[in-house]
Structure formats: structure tokens, C-alpha cells
Amino acid sequence: MGRQNYKWKSAVNLAYREVRHKLGRFLLTCVGLSLLLGVVLSMIGIYRGLVDDALTILRVPKIDIWVVEAGTLGPFAEASRIPGDTREAIARLSGITAAGAVTYQTVEANHAGRKLRLYAIGYEVGRPGGPEQVSAGRLIVRSHYEIIADEQTGMNLGDRIKLGRRSFTVVGLTKHHVASGGDPAIYMSLRDSQVLQFELAPPAARREIARGAAVLSLDTVNAVVARADPKVDTEAVADTIRRWKHLGAMTQQEQERVLTGSVVDRARKQIGLFTAILLTVSTVIIALIIYTMTMDKLRGIATLKLIGAPDSRIIGLILQQAVAMGVIGFVFGAALVTLVHGHFPRRVLLLPQDVGLIGLIVLFVCIAASSLGVRVALKVDPANALGG
Amino acid sequence: MLLEGKPVAAAPSSKQPLVQVEKISKHFGEGATRVDALREVSISVYPKEVVALLGPSGSGKTTLLNAIGCIMEPSSGHLTLDGDLVYDNRWLKSDLRRLRLDKIGFIFQTNNLLPFLDCTDNVALVLELAGWEGVKARSRAIELLDYLEVGHRKHALPAKLSGGEAQRVAIARALANRPSIILADEPTAALDSRRAGIVMDLLRKLAIEQNAAIIAVTHDDKIFNRFDRIFELRDGMLEADRKLKAKAN
Numbered sequence: 603m604g605r606q607n608y609k610w611k612s613a614v615n616l617a618y619r620e621v622r623h624k625l626g627r628f629l630l631t632c633v634g635l636s637l638l639l640g641v642v643l644s645m646i647g648i649y650r651g652l653v654d655d656a657l658t659i660l661r662v663p664k665i666d667i668w669v670v671e672a673g674t675l676g677p678f679a680e681a682s683r684i685p686g687d688t689r690e691a692i693a694r695l696s697g698i699t700a701a702g703a704v705t706y707q708t709v710e711a712n713h714a715g716r717k718l719r720l721y722a723i724g725y726e727v728g729r730p731g732g733p734e735q736v737s738a739g740r741l742i743v744r745s746h747y748e749i750i751a752d753e754q755t756g757m758n759l760g761d762r763i764k765l766g767r768r769s770f771t772v773v774g775l776t777k778h779h780v781a782s783g784g785d786p787a788i789y790m791s792l793r794d795s796q797v798l799q800f801e802l803a804p805p806a807a808r809r810e811i812a813r814g815a816a817v818l819s820l821d822t823v824n825a826v827v828a829r830a831d832p833k834v835d836t837e838a839v840a841d842t843i844r845r846w847k848h849l850g851a852m853t854q855q856e857q858e859r860v861l862t863g864s865v866v867d868r869a870r871k872q873i874g875l876f877t878a879i880l881l882t883v884s885t886v887i888i889a890l891i892i893y894t895m896t897m898d899k900l901r902g903i904a905t906l907k908l909i910g911a912p913d914s915r916i917i918g919l920i921l922q923q924a925v926a927m928g929v930i931g932f933v934f935g936a937a938l939v940t941l942v943h944g945h946f947p948r949r950v951l952l953l954p955q956d957v958g959l960i961g962l963i964v965l966f967v968c969i970a971a972s973s974l975g976v977r978v979a980l981k982v983d984p985a986n987a988l989g990g
Numbered sequence: 044m045l046l047e048g049k050p051v052a053a054a055p056s057s058k059q060p061l062v063q064v065e066k067i068s069k070h071f072g073e074g075a076t077r078v079d080a081l082r083e084v085s086i087s088v089y090p091k092e093v094v095a096l097l098g099p100s101g102s103g104k105t106t107l108l109n110a111i112g113c114i115m116e117p118s119s120g121h122l123t124l125d126g127d128l129v130y131d132n133r134w135l136k137s138d139l140r141r142l143r144l145d146k147i148g149f150i151f152q153t154n155n156l157l158p159f160l161d162c163t164d165n166v167a168l169v170l171e172l173a174g175w176e177g178v179k180a181r182s183r184a185i186e187l188l189d190y191l192e193v194g195h196r197k198h199a200l201p202a203k204l205s206g207g208e209a210q211r212v213a214i215a216r217a218l219a220n221r222p223s224i225i226l227a228d229e230p231t232a233a234l235d236s237r238r239a240g241i242v243m244d245l246l247r248k249l250a251i252e253q254n255a256a257i258i259a260v261t262h263d264d265k266i267f268n269r270f271d272r273i274f275e276l277r278d279g280m281l282e283a284d285r286k287l288k289a290k291a292n
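Chains as they are written, first to last, in this note's numbering: chain A, 603 to 990; chain B, 44 to 292.
Hint data in this document are derived by calculation from the structure and do not stem from the laboratory. Using N, Cα and C, we set each Cβ at its ideal position, and we do this for glycine too. One should not assume that every hint holds.
As the list claims (entries may be wrong) - Computed footprint of chain B on chain A, listed as stretches where at least three residues anywhere in the stretch have a Cβ under 8 Å from a Cβ of chain B:
id: 1; stretch: 620-631
id: 2; stretch: 897-907
id: 3; stretch: 910-917
All chains should be built: construct the whole structure from the sequences, respecting the hints.
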């Protein structure tokens, strides 16, 4: 057979031409797919946001050791109550450079005509436990009635909010200080938070006095946080604290493990499962779309085979369309999430590595999904092009 | 010359058939369900000949066309195309594909143009598949379209063409790689008698200019007198091989 040895240079890209021919239908399909992939990205972003928010609260005070009630995992995983004067004992330990008492509680308040659920963190002003800087305004400098609120609360500098029986003024704002449950954080002085958490309402207090009960001390905290000398082994200091039977101690790493391992773990599993289901649904949808598109052009494929098109050209036609659909859907989806993530009730944190990973998965899914269409196309008999 | 023979292939002698079918049989199924679609059919078609395959539905016309077109292997018999003995166990699927690309042009009952390519690209695609560089392929495609008097529609999509125009573009595609054999399946079925006559005259002209053999399956009695010979099939057997004096336009 006389073969012609012309230089191969393809000018007719069949996949591109067919897409261009049915552009509206193709783009509409891509938009549908992008919404689906947008949801996948949102789910991952929500999980990342959830973990990051939870860890931000934990990392902001720059703590090395968490001192909690013995036998508990600390204030984020379960209830922990220790006397407020524990701080003095911890501060005096060798290797500790600073210590502060903290409280954590969830409160509900009304602000600007809407209900707010807030994660109130009480700390000793000037001691570890609170934020070191704010995104707007200033840190708390007075002992009472000042708060620092996260921007997600919707409050502005100078706003007043009633918590318990007292009113507080917002003096500073933070960004992304949110509890693992999604409630935005507010910071207040330890004394205010103790009153908010432990002080009885006047009728209840009067009743307690009338029945001769001991007057409750307000000086109770949920944890004492401490910074250790960098030259000292933090684990050894924590071990020293653990020897006191009424206290437990966790290093910062342990506390983060508790938070991500148990508190956030269920959310991770839920979101992970949901993401897997969505990706599976996406795969099925892409496969069905590619299959339908292939079925639509069986006669064309038969003609291509009859006039001598190699299988690789036909596989290329289907594969390129599948990949194009996935890539366009993914880019649209990512752009959509980037545009609207600020309107989500929870923070959506899109990390480049997550976006890249999902992009690769989508690419793989498209290639896998196109195999059904490719299989059908390869089975097409070129003889089908003949006849009416 | 636009439609001269392939530069790499020697011009076949008119004494040597371009298509030689020797005792080709094809059956489907086995035992009680066995159907003999072709029974020891032998035909020869020479360069510049335009022949017709006639016969009632189920007589084996399309099966024979498929066998000659290298898209269906016969159960027994020999097929020689332009000097190459086909189906002798040395041919891979890819070789048959290449043979189709290099030596056979197909014209269909409906034009079978790819709806998403314009006329030029429908024709140029065959050339690209044969290894032509894109610009040269498009240039040759436009020349062919001009020759077949549809050059003014070169940028039109098939859906915008009339039946006659679409069939002429399909003929241009079939001729693009200068095939020595053209197989046509009911090429005039979708055309009125005037356009059918024009297409047949065109095919005859091409056969002469390109030294090609043209085999057409047809039921169209209006164009019987345009063929050099008519092979009539019945129940898978060659019933008649009639020579006609073709009426060239």
C-alpha cells in the first residue's frame, strides 16, 4: 500500500467543532455541572472553615499548656471547672512564664432586632487567654462592660449589646474567631464572664440565702492557660501539673488533637460522606451526559470510521468533550463559590491544595465517566453509515 | 489536473480490474438460523467503469458493498482491490482502515456529512486523516468544492445546504483523497430526477478523469441507463451481469 508521509498537523478539532455547533446546550450542561461541583467545593470549604475557625480560637492566645479539671478533656470537649486561684499556683511553677484564667460559654442575645448566638470568652485583661490584636478598634482595657466581637456577629465598633443583666460596648473587632459549632466569638473580661456564667438572678440568690445555703463563689474558671519558657520541655511541665490530683494538663498539640479529633471529627465524617456522594453523583451525571452525547452522534461516528478515522481520533473526540465539560464545570463552580462564599452562614475556606485536588479528581472522574461513551463508540460498526 | 490519479500509485491498467470479487460468500448465524447473504458471488470492475448493483431488498447488495468496502469480512472467497488481496489473514483492522482511507471513497444515500463541520472541513477531514497538513488539506477541499460547483457554499454547515448541494459536498469528500474505487449506496435516492442525472453524470466524469471504478447500489430506474454494467443480485447470488451502453452526458 502506498502510504503518504505527510507531516501530521491537525486543523480540524472534532470535539471543539461539535461543542461550538451545540454551544448553548454544552454550556447549559456545564453550568449544571458547575453547580454540582460548586456544592462539592463548598462542602470541603465549609469543613476547612470549621476546622480553621475552631483552631483559631485555640491558637489566638498563643498558649503552651491548658490546665483543666482532672479527668476532663478541657473546655472545648466537655465541662471543666476549676477554682480561679489555680492561676496563681500555675504561674508560680518553674518553666511557666505567664498564666491566665479563662471561661467559655455560649450565650444568646438580641442585637439590631435579631437573635445572636455568641461564644463568650472571658479572660484576664493583660494575661494570656484573649486576643493579642484586633482587626479594628482596640483591645479591652477596662475591667467591665467592654467586649471584642467577631465581625461575623454583625456588630460594629461602639455598638451596645445586653448580655445577662448588663450592657456591653463593642470596642474591638476580630476576624474568623468562631467556635467549632459556628457561633462567632466575643471576648470580655474574666470578671464579667464569671458574673454572666455563675451569678444567680436576684430572686434565686435571695432564695439560696433564705435556705441557708453557702454563698457561691464566683471565682470559678473553665481552664487556666499558660505559656512556658521556650527552653523548657512543655510536656515535662504538664506532667508536673498532672501530679496535682484535682487538675489535668494538656499541651497545645493535645488540645488541638482533642478538638479536631473528637469535636470536629463528626463534622469531617459527615461532610466527607456528603462530598463522596456528590462526587459519585457528578460521575454518574457526567457519564450519562457523555453517553447521551455519544448516542446522538453514532451515525457520525460510523461515518468517521468508514472514511478511515482511527479509533484514537474517535476516543479523542469523546474524551476531549468530557474533559472540557469537567474543566469548564469545575472552573465555573470554583468561581461561583469564590463569588458567593461570603453569603454562606458558615465560613467557607477554599485552600489552593483542596481546589487542586478536587480539580484532579474531577479530571479523573471525567476520564472514567467517558469510558462508557468510548465503549459505545468503539462498538459502532462503520457499516451503520451505509443505508438510509 | 484536479482529479488526476494518486501521485504515489501507478495508474492501473484498464485490463486489470480495480475490484475483483472471487466467489465471495457471506453467511450469518449457524444451523437452523443460518442466513446466506452472499453465495459465491464473483464480479470484476475495471477502471473508468460505472456499475450498478441491483436487486430486491435482502438480495445481498449492501452485504456485497460492505465486503468490497472492507467493513465486513466475507465467510469465504477472495477480494482484490487495486492489486491488493484483502482478507488474507495479514490484514489488521488498522490496515483495512488505512486501505479504506487511501483507496475507497464512500458516497451515502443520505449525505452523512458531519453536521458540526462546514463544507470545507467535511472534505478536508478525509485529507487530514490521510496525513495532509491542515492548510494544504483545506486548499484541496476548496478546489474540489469549486470543481463540483459548490465552492460558494464552502463555509456553510450541512444543515444549510439543499439536497443536491449536500450530495455534491459528499461526493467531494469521497473524492478528496483521490480514491481509485468509489462505492455509492443509493447516491441519488434523496434527489429529484434532474439532480440525480447531474450526480450520475458527475460520477461518470470523475471515473473517466480519475481512472476510478464506481460501484453504486441503486433502485432508481431513472438512472439505469447511466451505468456501463448492471449486476443483478437475487437471494445472495449474482443473477445477471448486463452490459449497457452508458449514456454519458
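Which numbered hints are broken by the structure, listed smallest first? none
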